[in-house]
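There are 2 protein chains.
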Amino acid sequence: MRALIISADNFEDSELLVPYYRLKEEGIEVDVASMNPGSIKGKHGYEVKVTKALKEVNAGDYNILILPGGRAPEEVRKEKTALDLARSFFEKNRPVAAICHGGQTLISAGLVKGRRVTCYKSVVPEMKEAGARYEDAEVVVDNNLITSRQPSDLPAFMREIMKKLKSKKT
Amino acid sequence: MRALIISADNFEDSELLVPYYRLKEEGIEVDVASMNPGSIKGKHGYEVKVTKALKEVNAGDYNILILPGGRAPEEVRKEKTALDLARSFFEKNRPVAAICHGGQTLISAGLVKGRRVTCYKSVVPEMKEAGARYEDAEVVVDNNLITSRQPSDLPAFMREIMKKLKSKKT
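Chains B and V, in that order, give the protein sequences. The numbering of the first sequence is the numbering used here, which starts it at 2 and goes up by one. The numbering of the second sequence is the numbering used here, which starts it at 2 and goes up by one.
Rather than coming from a laboratory, the hints here were simulated on the basis of the structure. Beta carbons are placed, not taken as given, at the ideal position from N, Cα and C, and that holds for glycine. Treat the hints loosely; a few may be bogus.
Footprint (simulated), chain V over chain B, 3 or more residues, beta carbon under 8 Å [what the hints assert, rightly or not]:
(1) 65-76
(2) 79-92
(3) 130-144
With the C-beta cut set under 10 Å, the calculated list includes, among others, these residues of chain B facing chain V [unchecked claim]:
(4) 25
(5) 44
(6) 61
In silico DSS-like pairs for lysine-lysine, Cα to Cα no more than 25 Å straight-line [what the hints assert, rightly or not]:
(7) B:81 to B:25
(8) B:42 to V:42
(9) V:25 to B:164
(10) V:42 to V:56
(11) V:56 to B:44
Put together the whole structure using the sequences plus the hints.
Written out as structure tokens, the structure is:
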């Protein structure tokens, strides 16, 4: 199994690191993709190696896409390659998990209309504007789409991600 | 199940947060204990609520003790209450998991002599001095004692912690 995390500088550190380590615990290979090779730096100063430039990523190689929050999604959502990758996961009905501001990328990709989602409170207005059915819950699962609000939701977020990956494995 | 994390200011953020969220994902209750009530702040600025003052902790209430690293163990190891709590877990043969500098608390409690352990590289000399059988590995499991070296070892560290807790449950 392989997982893809798409992020950029100023990611919310725990929202990237917790899924990253959790997936590795499970023996899943994790690629971190961003606009440029090198590394990205979180709001709290953690540096994470970029293992793939966005343009090198083949969506078909991955079982799940993870979109952490922070201020990174403001930049990621401007990248056509990132939006196309997200669309690709939806077309294949593969799991996509977004936490906090991570959902902004899905808004820009036009993927939330009619979908049940949650997100960080400041993102709620544009999420509703985009036609999503917003719920205030620690995690919302709507078919392939898993969303959470904030770092304190990470336990529920990871529980549903692992459940989804296990259901795909069997 | 209940888990106890003992730490203090200047903890290594990911070494506290990753186990904290992982255990909660599993439905395990987690108490964070420190010298004083209120909150503790990590090296990277994360604030974590202290749910128990050390003197209020009853070791018998917990299935596992976790000791994150950073500069926190320098302070924790000076606290007799913390050392007594660690000894209590060893007497009951309950799991104790220490990462990075977390092992310093076990050194001060006199608990590593003859035990197979790993730890952060700068801690190796005093670990050997205390009579531990040091190994350079991502995780070392010696009966109830689970140790790792650094944040990048968190996947292996958590894998062994979860394995140990599951074996105790059955």
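Any of the earlier hints contradicted here, and which numbers? Those not satisfied are hints 1, 2, 3, 6, 7 and 11.
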